[in-house]
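Asks: Listed below, chain by chain, are the residues.
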Amino acid sequence: MRDKDICKILAISVILAVVASSVAVFSAANLGEGLGEKGIDEGGGKGVISLVPPPFIGVAGASESEVSGMRAGTNFLEEEAGISAYTNVGMEIDLEKAKGVYRTIEVEKENYTIGSVSLPGYAESEDVHVYVHKDGWIVAYYLMDEPIAKIIDYQNYKENGDVTFKLDTALGRMCDGVGLPLFYTTFYDFRYPNANKLMITVDGQWVEGWDTFDMKIPSDVRVYDRSYYHWSWDSEGSTFRLDGTDISGLGPCGDCWLARYGKLTPSQLMPNAFHTISLWHDEYDWHKTYGHACVAIVLAYREA
Amino acid sequence: MRCHCACIQRSVGIANEGRNEGVTKRMGLKFFVLIALALLVLQAVAPVNASDIAVIGADTICNVTTTYPSGIPDVTPRILVEYANSISQFGLYAMPENLTNVARRVMPRIIVEYANSIAHRALQEMPANLLNTTKEVPKRRLIVEYAESNSYIPLMYPLELMNDTIPPVIGDVSVMNVTNNSVVITWITDEFADSVVRYGENSTVYTEICRDELFVKEHEITLTGLAPATRYYFVVNSTDRSGNSAESLEFWFDTSGGGLRI
Numbered sequence: 001m002r003d004k005d006i007c008k009i010l011a012i013s014v015i016l017a018v019v020a021s022s023v024a025v026f027s028a029a030n031l032g033e034g035l036g037e038k039g040i041d042e043g044g045g046k047g048v049i050s051l052v053p054p055p056f057i058g059v060a061g062a063s064e065s066e067v068s069g070m071r072a073g074t075n076f077l078e079e080e081a082g083i084s085a086y087t088n089v090g091m092e093i094d095l096e097k098a099k100g101v102y103r104t105i106e107v108e109k110e111n112y113t114i115g116s117v118s119l120p121g122y123a124e125s126e127d128v129h130v131y132v133h134k135d136g137w138i139v140a141y142y143l144m145d146e147p148i149a150k151i152i153d154y155q156n157y158k159e160n161g162d163v164t165f166k167l168d169t170a171l172g173r174m175c176d177g178v179g180l181p182l183f184y185t186t187f188y189d190f191r192y193p194n195a196n197k198l199m200i201t202v203d204g205q206w207v208e209g210w211d212t213f214d215m216k217i218p219s220d221v222r223v224y225d226r227s228y229y230h231w232s233w234d235s236e237g238s239t240f241r242l243d244g245t246d247i248s249g250l251g252p253c254g255d256c257w258l259a260r261y262g263k264l265t266p267s268q269l270m271p272n273a274f275h276t277i278s279l280w281h282d283e284y285d286w287h288k289t290y291g292h293a294c295v296a297i298v299l300a301y302r303e304a
Numbered sequence: 305m306r307c308h309c310a311c312i313q314r315s316v317g318i319a320n321e322g323r324n325e326g327v328t329k330r331m332g333l334k335f336f337v338l339i340a341l342a343l344l345v346l347q348a349v350a351p352v353n354a355s356d357i358a359v360i361g362a363d364t365i366c367n368v369t370t371t372y373p374s375g376i377p378d379v380t381p382r383i384l385v386e387y388a389n390s391i392s393q394f395g396l397y398a399m400p401e402n403l404t405n406v407a408r409r410v411m412p413r414i415i416v417e418y419a420n421s422i423a424h425r426a427l428q429e430m431p432a433n434l435l436n437t438t439k440e441v442p443k444r445r446l447i448v449e450y451a452e453s454n455s456y457i458p459l460m461y462p463l464e465l466m467n468d469t470i471p472p473v474i475g476d477v478s479v480m481n482v483t484n485n486s487v488v489i490t491w492i493t494d495e496f497a498d499s500v501v502r503y504g505e506n507s508t509v510y511t512e513i514c515r516d517e518l519f520v521k522e523h524e525i526t527l528t529g530l531a532p533a534t535r536y537y538f539v540v541n542s543t544d545r546s547g548n549s550a551e552s553l554e555f556w557f558d559t560s561g562g563g564l565r566i
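For the protein sequence lines, the chains are B and Z, in the order given.
Just so we're aligned: the first sequence equals residues 1 to 304 in my numbering.
Just so we're aligned: the second sequence equals residues 305 to 566 in my numbering.
Please keep in mind that the hints were generated in silico from the structure rather than gathered at the bench.
Accuracy of the hints is not assured; some may be wrong.
The list that follows gives simulated cross-link-like pairs (lysine to any residue, SDA-like), each with its CA atoms no further than 20 Å apart [to be verified]:
| # | chain 1 | residue 1 | chain 2 | residue 2 |
| --- | --- | --- | --- | --- |
| 1 | B | Lys216 | B | Lys158 |
| 2 | B | Lys263 | B | Met199 |
| 3 | B | Lys197 | Z | Phe519 |
| 4 | B | Lys216 | Z | Phe519 |
| 5 | B | Lys197 | Z | Glu517 |
| 6 | B | Lys158 | Z | Asn454 |
| 7 | B | Lys216 | Z | Val448 |
| 8 | B | Lys263 | Z | Asn454 |
| 9 | B | Lys197 | Z | Ser453 |
| 10 | B | Lys158 | Z | Ser455 |
| 11 | B | Lys134 | Z | Ser455 |
| 12 | B | Lys197 | Z | Tyr461 |
| 13 | B | Lys197 | Z | Val520 |
| 14 | B | Lys197 | Z | Glu449 |
| 15 | B | Lys109 | B | Pro120 |
| 16 | Z | Lys521 | B | Glu80 |
So that you can see chain Z by itself, here it is in the shape it has in the complex (with noise of 0.2 Å):
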């Protein structure tokens, strides 16, 4: 406090200079008290503004303007630590770049807490001796869903107990619907067999082969992708459930149109 101000020493000095002086007392005794009398009056007179601050009868008063230096920046709002022993702090918005990638990977993921036991495994990489496997499920099936039970049968032709050894008998071998590029042959069986054409554009040479495994005992098959204006030497085969085959005489057809030949 001592430091601030030269005029409250002042003050002091002159308070203290009156109570020392005791030659002329009267004299000084009358004049001190005309000097309250005018400041009395004067302050009667002339009253304390209401913005002032009045101090009446302190032994000391000290008045004292602050000004902060020029340059330093305005003071940020901040967290004051006292009687700290140690105080660290760290920037958390710069990201060390080591990490930078690392946070780049993190992906969404599930969140357990509390659990006894958490397990989790890949599901998109199958094991290669599965791979195999699942090629061989067939895409057709059928669905059934809440029933109590279900079951299959496979249903087994009694290859042995028929013992057939006679073939098939094939008749009524036809040709249809020829166009430039495609015909339908039908024939008929006497029992149930397989469908199959060989066809070529030589006769006896039949380099090409139509089949349908389902056995019927009306036959149909379509011949596509044949050649414009060609002749076509064909032969019908069928073959029964016993294994047994028969085939049919050589005929011909012309794709650019016309009947059945030989």
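One chain only, chain B, in its complex shape (with noise of 0.2 Å):
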């Protein structure tokens, strides 16, 4: 008898506690469409709101289902992504395809998978995060802390002045390896919301000596990412100056590839002043004359 009493006050005790637990969970959703002082004092404080997962808490490992209002794993890049490219090739992917174009996985759930993909002719440094959804979506990134910069392919960069990404490649490279085209490209920064254009600007030389170009940003340009990339085919030594300044030097090397992406900062390219962007570019071997050295500077910012 006395185990008997003792199950249904466990009995009872375990509903009451499902029934408080639940209307505390009510009162939370509650804030969350109309929060304010009073919602948050009669709620109990924000230790309440806890009790309703943040939009963008749940990370890709905690859950194999969709996110509540989210496509699954979109919210890992809100968390690691900065500079993006991404596409939907319009049909389900086979991830399974997908998994053998990687050089290494990442995360690898049902509905998704992100890794890095290799770019053909460059170090593992250079290797795209790539998340493909089996319902289309392709993202490709680099993390939030890589510059804007690292996305040229500066590799294939011609005296025309056509610039491709590397960005490009590896999504170009995903769709071959699933088997499904890729119509268009769209690109998008996660670190910078109000930033709606990347402007590009390459300079470079092909002979040896001096090049220069002169860039003036307005003071009501707002600015939210300034960088750089500088590099060198076959060049005995090239130099990259900003206003007088070394910010970059790339030493001899023949036959090869020399790189350096950085950030800048906005005291360095001050508003409403021109500034003059030199490049030295000396050829590695005299009588050969198809070394060069280039220099890129990239902008994010929002134009009215």
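Work from the hints to combine the two standalone chains into their complex.
Replies: Dropping the structure here:
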């Protein structure tokens, strides 16, 4: 009898606990719709809010199913992605095929995968992270601590000025791997929700000597990110200067690539003034003339 | 020449007369010799003045004195033309009246000679179909000169990819820096969203709105132009990049001072 009483008491306690927790969840859900000082006080303070999963707390590994109101894994992009290129191939993707494209698989879930994709001719440090969702979405991105300029596919930059991007190459490789065509690419930087444009300016020196260009940023243009990429091929030496100050120097390298990228500070590209970007290139072998050096300035900004 | 002087004729008459008288040839010859000797003596005694013109042995001496008629003005230097069939003369300093206005409109101009072709077009008049185009050109732009290549990429939020249907969560609504005509309202959201404050002098009736379209997580809106010593009611609103909106409960503040209350 005593055991039965204890069981009854335990059962009633469990029921009461379930009812109490349901009330708490209901209160927190209401707070999400219209949160004010009053709501916080009556709901028991901010601690109550933690009962409701915040929209971006459900990381990729938290659940196999789609996070309520969001595509699975996209919150992962919000937390780690910087500059990104995305596309939708318009049909379901076989994730097993996608996994065959990765150099390294980083996340493997029922509906999506994330991994690194190598680029022909580039070192592993240039690998692009690629998110693939089985419903057709592919996102290629660099991590949020990387400068935007890293996306420039400098090994395929030609004297005619056409610029291609590593993110495009990675998307293309993934599409080829899953056997679907790549129709379009759109860019976005998850760090800068207000930036709506990227500007990539490149200057190359194809014979020995200096080359310069000038840049002026109006004060009322909001620039969110400034970065550079400096590279050379078969060069005895190359120097990139900004307003007379050395920013990057590349040593001698015959028949090989050297490259360096980095961020520029707002004070290095102050608005309302022309800035001179200078580039020096010295031929590695004086009787050959196919070496070159280039510098790119990349700005992410908001255009009215 | 004949009409000039009677005195010349008289001198000639004297000479002829002496040559025709032959009757008293000896007498006359002696007399003539004496006269001639006398003249020679006189000439020797009284020499000719240096300023005089001496004429000796001439058949005819003619001395002409000319005098301009009075009343004729001094002759100005002029171009003399001889043997021409006709001479025409135009005064250049007097402009015809009907050309006076034309001459005033002549402007400085560029002179081009020997070119194969010259074309010019007025630039100050813009075609009407271009007027709207120029208005659309943004005033704010980046300027790049002398670079080898310059390209632009639009950045677009992956709306469909994210498939976000959850509105932002609003918290920590605060009123700061209250003056008699302005106030600063702040709040936070758990994701990037824009900032809107709707306010008015009556509860739940928000006649004014202040908006910042930039996506932020820490929001700040300054209301200005408020009436002093007046109670205002307001709500804050935020919409995320996917278009999901959230709105706070109503708050109020007095421009005369005081804190946040419901």
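Asks: CA of Lys216(B) to CA of Val448(Z), is that 20 Å or under?
Replies: 7 Å, holds
Asks: Holds or violated: are the alpha carbons of Lys197(B) and Glu517(Z) at most 20 Å from each other?
Replies: Answer holds: Lys197(B) to Glu517(Z) is near 16 Å, not above 20 Å.
Asks: Going straight from one Cα to the other, do Lys216(B) and Phe519(Z) come out at no more than 20 Å?
Replies: 26 Å, violated
Asks: Between the alpha carbons of Lys197(B) and Phe519(Z), is the straight-line distance 20 Å or under?
Replies: It holds: about 15 Å lies between the C-alpha atoms, which stays within 20 Å.
Asks: Do the alpha carbons of Lys197(B) and Glu449(Z) lie within 20 Å of each other, as the hint requires?
Replies: 19 Å, holds
Asks: Lys158(B) and Ser455(Z) were given as a pair; does the straight-line alpha-carbon distance stay at or below 20 Å?
Replies: Since the Cα atoms of Lys158(B) and Ser455(Z) sit roughly 14 Å apart, the hinted pair holds (cutoff 20 Å).
Asks: For the pair supplied as a hint, Lys134(B) and Ser455(Z), confirm whether the alpha-carbon distance does not exceed 20 Å.
Replies: 33 Å, violated
Asks: Between Lys197(B) and Ser453(Z), is the straight-line Cα distance small enough, at 20 Å or below?
Replies: 16 Å, holds
Asks: Holds or violated: are the alpha carbons of Lys197(B) and Tyr461(Z) at most 20 Å from each other?
Replies: Holds, at roughly 11 Å.
Asks: So if I understand the rule, the pair passes when the alpha-carbon distance is 20 Å or less; does Lys263(B) with Asn454(Z) pass?
Replies: Measuring from Cα to Cα gives roughly 19 Å; hence the hint holds.
Asks: Run the distance test for Lys521(Z) versus Glu80(B): straight-line Cα separation, threshold 20 Å.
Replies: Holds - the C-alpha atoms of Glu80(B) and Lys521(Z) are around 17 Å apart, at most 20 Å.
Asks: Lys197(B) and Val520(Z) were given as a pair; does the straight-line alpha-carbon distance stay at or below 20 Å?
Replies: The hint holds at about 18 Å.
Figure legend: structure checked against the earlier numbered hints; hints not met, in rising order: 1, 4, 11 and 15.
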